[in-house]
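The residues making up each chain are set out below.
2 protein chains.
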Amino acid sequence: MKVGIIGVGTVGASVANILRDNKDIITARAGCEIEPAIGVVNNLNKKRDVTIELTDDLEKVLNDDSIDVIVELMGGIERPYEIIKKALANGKAVVTANKALLAYHRYELQDLAGDTPFEYEASVAGGIPIINALRDGLTANNILSIRGIMNGTCNYMLTKMINEGIDYDTILKEAQELGYAEADPTFDVGGFDAAHKLLILGSIAYGIDVKPEDILIEGIQNISSEDIDFAKEFNYSIKLLTIAKKVDNEIELRVHPSLIPNHEMISKVDGVMNGVSVIGDKVGETMYYGAGAGGDATASAVIANIIDIARRGKGAPMLGFETPHGKNLKLMPKENIRTKYYLRLRVEDKAGVLAKIATILGSKNISIEKMIQKPLNRTCAHILLSTHTSTEKDVIEALKTIEEAGVVTGKTAMIRIED
Amino acid sequence: MKVGIIGVGTVGASVANILRDNKDIITARAGCEIEPAIGVVNNLNKKRDVTIELTDDLEKVLNDDSIDVIVELMGGIERPYEIIKKALANGKAVVTANKALLAYHRYELQDLAGDTPFEYEASVAGGIPIINALRDGLTANNILSIRGIMNGTCNYMLTKMINEGIDYDTILKEAQELGYAEADPTFDVGGFDAAHKLLILGSIAYGIDVKPEDILIEGIQNISSEDIDFAKEFNYSIKLLTIAKKVDNEIELRVHPSLIPNHEMISKVDGVMNGVSVIGDKVGETMYYGAGAGGDATASAVIANIIDIARRGKGAPMLGFETPHGKNLKLMPKENIRTKYYLRLRVEDKAGVLAKIATILGSKNISIEKMIQKPLNRTCAHILLSTHTSTEKDVIEALKTIEEAGVVTGKTAMIRIED
Ligand SMILES: NC(=O)c1ccc[n+]([C@@H]2O[C@H](COP(=O)([O-])OP(=O)(O)OC[C@H]3O[C@@H](n4cnc5c(N)ncnc54)[C@H](OP(=O)(O)O)[C@@H]3O)[C@@H](O)[C@H]2O)c1
Ligand SMILES: NC(=O)c1ccc[n+]([C@@H]2O[C@H](COP(=O)([O-])OP(=O)(O)OC[C@H]3O[C@@H](n4cnc5c(N)ncnc54)[C@H](OP(=O)(O)O)[C@@H]3O)[C@@H](O)[C@H]2O)c1
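As they're listed, the protein sequences go chains A and B. Once you know that position 209 of the first sequence is 209 in UniProt numbering, the rest is easy, because the numbers rise by one and skip nothing. Once you know that position 73 of the second sequence is 73 in UniProt numbering, the rest is easy, because the numbers rise by one and skip nothing.
Just so you know, not all the hints are guaranteed correct.
With a Cα cut of at most 30 angstroms, we get these calculated DSBU-like pairs of lysine-lysine [said to hold, decoys possible]:
id: 1; chain 1: B; residue 1: Lys330; chain 2: A; residue 2: Lys246
id: 2; chain 1: A; residue 1: Lys370; chain 2: B; residue 2: Lys268
id: 3; chain 1: A; residue 1: Lys268; chain 2: B; residue 2: Lys86
id: 4; chain 1: A; residue 1: Lys232; chain 2: B; residue 2: Lys268
id: 5; chain 1: B; residue 1: Lys334; chain 2: A; residue 2: Lys211
id: 6; chain 1: A; residue 1: Lys232; chain 2: B; residue 2: Lys327
id: 7; chain 1: B; residue 1: Lys393; chain 2: A; residue 2: Lys211
id: 8; chain 1: A; residue 1: Lys374; chain 2: B; residue 2: Lys268
id: 9; chain 1: B; residue 1: Lys364; chain 2: A; residue 2: Lys246
id: 10; chain 1: B; residue 1: Lys23; chain 2: A; residue 2: Lys246
id: 11; chain 1: A; residue 1: Lys411; chain 2: B; residue 2: Lys173
id: 12; chain 1: B; residue 1: Lys60; chain 2: B; residue 2: Lys2
id: 13; chain 1: A; residue 1: Lys2; chain 2: B; residue 2: Lys314
id: 14; chain 1: A; residue 1: Lys330; chain 2: B; residue 2: Lys85
id: 15; chain 1: B; residue 1: Lys232; chain 2: A; residue 2: Lys350
id: 16; chain 1: B; residue 1: Lys370; chain 2: A; residue 2: Lys246
id: 17; chain 1: A; residue 1: Lys370; chain 2: B; residue 2: Lys60
id: 18; chain 1: A; residue 1: Lys370; chain 2: B; residue 2: Lys23
id: 19; chain 1: A; residue 1: Lys327; chain 2: B; residue 2: Lys211
id: 20; chain 1: A; residue 1: Lys232; chain 2: B; residue 2: Lys160
id: 21; chain 1: A; residue 1: Lys330; chain 2: B; residue 2: Lys314
id: 22; chain 1: B; residue 1: Lys314; chain 2: A; residue 2: Lys86
id: 23; chain 1: A; residue 1: Lys232; chain 2: B; residue 2: Lys370
id: 24; chain 1: A; residue 1: Lys85; chain 2: B; residue 2: Lys330
id: 25; chain 1: A; residue 1: Lys340; chain 2: B; residue 2: Lys85
id: 26; chain 1: A; residue 1: Lys314; chain 2: B; residue 2: Lys86
Simulated DEER-style distance windows between Cβ atoms [claimed, not checked]:
id: 27; chain 1: B; residue 1: Glu397; chain 2: A; residue 2: Leu44; range: 56 to 66 angstroms
id: 28; chain 1: B; residue 1: Glu53; chain 2: A; residue 2: Gly76; range: 32 to 42 angstroms
id: 29; chain 1: A; residue 1: His388; chain 2: B; residue 2: Thr10; range: 39 to 49 angstroms
id: 30; chain 1: B; residue 1: Gly406; chain 2: A; residue 2: Lys46; range: 58 to 68 angstroms
id: 31; chain 1: A; residue 1: Ala405; chain 2: B; residue 2: Glu226; range: 19 to 29 angstroms
The hints are simulated quantities; they were obtained by calculation from the structure and are not laboratory data. Glycine included, C-beta positions come from ideal geometry on N, C-alpha and C.
Please model the entire structure based on the sequences and the hints provided.
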């Protein structure tokens, strides 16, 4: 299957490179090779970190019969709309990450596409497969509500404001320096980017056709340190939330800063990460969390769509692979597992015991990270310790040696530490 | 499309009832009616809360040419294996929630199914569409690791132990009384149920064929209060984790209690809830959270699979609906939105101001939930308050009246509260 990539910027370059670098697993999952045949750019002279062939002749790519899928990653609204129309007219499947385009033209595009595949997973919450979840995973449900944290810029800023007490202007400048916010940040901090994504989810959940102009959109520009203090005092976090909710026959669609109780799972989505909580009438709450932006994370969703298109007609293979995979992978023997360990040893509370234990652990290359000793009664104590990364075999042998050496007076407990 | 349900117990009854109760949205999403035609049970005399026709004649259902999909929800291993073989031989699509069956026979079943749809979303983490995510949403990635909290019984018990200091035996008894644990709890607390689910995810991520006997499985039975204390002291939570991880050409598959740092998203999955964190080489970490068991939540996943089967050949419709939906839904006007509000008012610090504000709010039916007053300087103060659920229109009018009445000395801030 041949793919033409219109726009080889942040996301487009990642799409081309991942199709190259992860070719083996992608081929095994798709059941055919997916070739990034050509990329279209504005400026052929710009230096780019890609190996894909480039052109600035868009029409040639749109009219090339050997291209099966057009991936639109140029941004904008009316220009990509015209381009995608042509691609569909030429019978090409389309994949896009363009939420602005979909916020305005999703229903026209659905009509134009008809039976031709048109996919857009990356347009909402970047790498998180939330469209997949809503459109395929939760289809048995009437959706009661969706609450999303879908703008990384806002979430980064609000998290810093609440966790570190930094004020709005300072953190905006920092976000701009780190590349998390644009020179003109209005599109993000004003809630418009999040609103575009909300409208897409609103359509999938409720079938409702609404434009950004129609809904309540408020940005985070007026959040002050007093508000942050109030939130902290009453155990709330502040998030720019996108909300879609069904109340009788009316649908609420709104984007605004919100106070959320700290015990809710979605309140724990911090920094540049995105999260979407969906409540279905049968499944209850499910939540989806991950990177909402960035070249590779967004490209992950774009490529998932391309693979979907390759699988059209037969669906996903039962166990995930169209052609055998994993033949050269084998199960790691239990004793070779490497992780950190927590150990609890019951010992006599007397001199020399600790030294003996440390010596035995050391002889097996197990180094201690933290340790506390707690008296149990007049003669006994517990030694609780965590190790640096060690091998299962060494830990089991060390514990056996410790037991045989008679330094412990009860059964030793071991819990693995995963960090 | 006609569905035969083998086993009308907790999950089977929910499948039959949801197909009836949510028929409208399911039809719009699937593009055809999905009829729960018949249910097969052991004991026809048992009282059940279903309206579906019942039989105890399994063979008749398997041989009924009008049945398109067989849904296996009886449990067990060899018996459902034989039944599903027959269903596939008769050309029927199959959906199951049976993780034990798949832990042992998933590759044979894949071979037997061939091009006939065989789906099993509900077998792992109940209502969370994790198989969907891994098999369709993250396909561009080499999976680096999967860490799952996939047994609600264990997670309920461990959460209570760590949050409330209850000991293992007491909490096990409570879980049994609440119906979260079986009379013989070994299958859950011993880690075997979680291991079955892990093997399924291990296959989708790595294509590796392994049986439960081959992997490291340790239960939560030996967690003591000293371990809980250590975890708390060093900012860990304790979870029964299922881990699949790729290290060079070896795959780690293991189930055991684990200490996880409290800052990790997955450590926040508490109580009976399930959560699965997946790290892909391109997308980074994504996390999936929701109900891992219960009739309706599990049935949500079973029915999603049935709808998938109805859509075979054409894939999911672009915006989620095969036939128009949402025609009778309309956008709620902004002013009718109802939620709670936080207000920050800058006032003169003198008697009577608070009374005036409370009176104006009261005249608009806005009642105050919490309030604090903070002096700003010698003459001014901030009143910070939250309201009970109110209407956007009333709040905006009240704020206007307050401003016009001259009780505030600066711009009033308003943030909506979502709980
Ligand atoms: N970046 C993210 O994290 C992210 C996340 C989710 C969704 N998205 C969406 O993905 C899309 C692309 O974003 P991006 O960040 O990758 O943008 P970008 O870095 O600005 O790249 C845009 C690319 O499109 C090319 N281009 C623009 N106009 C063109 C035209 N008329 N003809 C041919 N090529 C043209 C540019 O060419 P030159 O390089 O020659 O200028 C550039 O290669 C946008 O719709 C965005 O909303 C991005
Ligand atoms: N419950 C959950 O939350 C959950 C979550 C995820 C996955 N699952 C899986 O879903 C499956 C069903 O679980 P469940 O909790 O619904 O079980 P259940 O309540 O015990 O129901 C089992 C049903 O199967 C019927 N049955 C058993 N053997 C039969 C036979 N030989 N012929 C005909 N009917 C037979 C029973 O009939 P009678 O009613 O006449 O006895 C009963 O209706 C299991 O594989 C389980 O692992 C369950």
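Tested hints:
1. Proximity of lysine 330/B to lysine 246/A is assessed by CA-CA distance (about 10 angstroms); at most 30 angstroms being required, the pair is judged to hold.
2. For the suggested pair lysine 370/A and lysine 268/B, the alpha carbons sit about 23 angstroms apart, so the restraint of at most 30 angstroms is met.
3. Among the hinted pairs, lysine 268/A with lysine 86/B is inconsistent with the structure: their alpha-carbon atoms are about 48 angstroms apart, more than 30 angstroms.
4. Distance hint between lysine 232/A and lysine 268/B is fulfilled; the C-alpha atoms sit about 19 angstroms from each other, no more than 30 angstroms.
5. Between lysine 334/B and lysine 211/A, the direct Cα distance comes to roughly 14 angstroms. Compliance with the 30 angstroms bound is thereby established for this hinted pair.
6. With a C-alpha separation of about 42 angstroms, the suggested pair lysine 232/A and lysine 327/B falls outside the 30 angstroms cut-off, and the hint is violated.
7. Only pairs whose Cα atoms come within 30 angstroms are accepted, and lysine 393/B paired with lysine 211/A is accepted, the gap being roughly 22 angstroms.
8. With a CA separation close to 28 angstroms, the supplied pair lysine 374/A and lysine 268/B stays within the 30 angstroms bound.
9. Of the supplied pair hints, the one linking lysine 364/B and lysine 246/A holds, its CA atoms being roughly 25 angstroms apart against a limit of 30 angstroms.
10. Proximity of lysine 23/B to lysine 246/A is assessed by CA-CA distance (about 18 angstroms); at most 30 angstroms being required, the pair is judged to hold.
11. With a CA separation close to 25 angstroms, the supplied pair lysine 411/A and lysine 173/B stays within the 30 angstroms bound.
12. A distance of roughly 14 angstroms separates the Cα atoms of lysine 60/B and lysine 2/B; the hinted pair therefore holds under the 30 angstroms criterion.
13. Simply put, lysine 2/A and lysine 314/B have alpha-carbon atoms about 20 angstroms apart, close enough for the 30 angstroms limit, and the pair holds.
14. About 29 angstroms separates the Cα atoms of lysine 330/A and lysine 85/B, which keeps this hinted pair within 30 angstroms; it holds.
15. About 27 angstroms separates the Cα atoms of lysine 232/B and lysine 350/A, which keeps this hinted pair within 30 angstroms; it holds.
16. Under the criterion of a C-alpha separation no larger than 30 angstroms, the hint pairing lysine 370/B with lysine 246/A is consistent with the structure, at around 28 angstroms.
17. Proposed proximity of lysine 370/A and lysine 60/B is contradicted: the alpha carbons are some 65 angstroms apart, above 30 angstroms.
18. Between lysine 370/A and lysine 23/B the alpha-carbon distance is near 58 angstroms, which puts this suggested pair outside the 30 angstroms criterion.
19. Taking the CA atoms of lysine 327/A and lysine 211/B, the gap is near 16 angstroms; set against the 30 angstroms cutoff, the hint holds.
20. At roughly 26 angstroms between alpha-carbon atoms, lysine 232/A and lysine 160/B fall within 30 angstroms of each other, so this suggested pair holds.
21. Simply put, lysine 330/A and lysine 314/B have alpha-carbon atoms about 36 angstroms apart, too far for the 30 angstroms limit, and the pair is violated.
22. In summary, the hint linking lysine 314/B to lysine 86/A is supported, as the alpha carbons are separated by about 22 angstroms, within the 30 angstroms threshold.
23. Taking the CA atoms of lysine 232/A and lysine 370/B, the gap is about 14 angstroms. The hint holds against a cut of 30 angstroms.
24. At most 30 angstroms may separate the alpha-carbon atoms for a hinted pair to count; lysine 85/A and lysine 330/B meet this at roughly 29 angstroms.
25. The hinted pair formed by lysine 340/A and lysine 85/B fails the criterion: a straight-line CA distance of about 44 angstroms is larger than 30 angstroms.
26. Note on lysine 314/A and lysine 86/B: the hinted pairing holds, with a Cα-Cα distance of about 22 angstroms set against a maximum of 30 angstroms.
27. About 58 angstroms separates the C-beta atoms of glutamate 397/B and leucine 44/A, a value consistent with the hinted range of 56 to 66 angstroms.
28. One distance hint, 32 to 42 angstroms for the beta-carbon pair glutamate 53/B and glycine 76/A, is violated here, with the actual separation near 56 angstroms.
29. Separation of histidine 388/A from threonine 10/B is about 45 angstroms and conforms to the stated range, judged on CB atoms against 39 to 49 angstroms.
30. Separation of glycine 406/B from lysine 46/A is about 59 angstroms and conforms to the stated range, judged on CB atoms against 58 to 68 angstroms.
31. Checked against the hint of 19 to 29 angstroms, the pair alanine 405/A and glutamate 226/B passes, with Cβ atoms roughly 22 angstroms apart.
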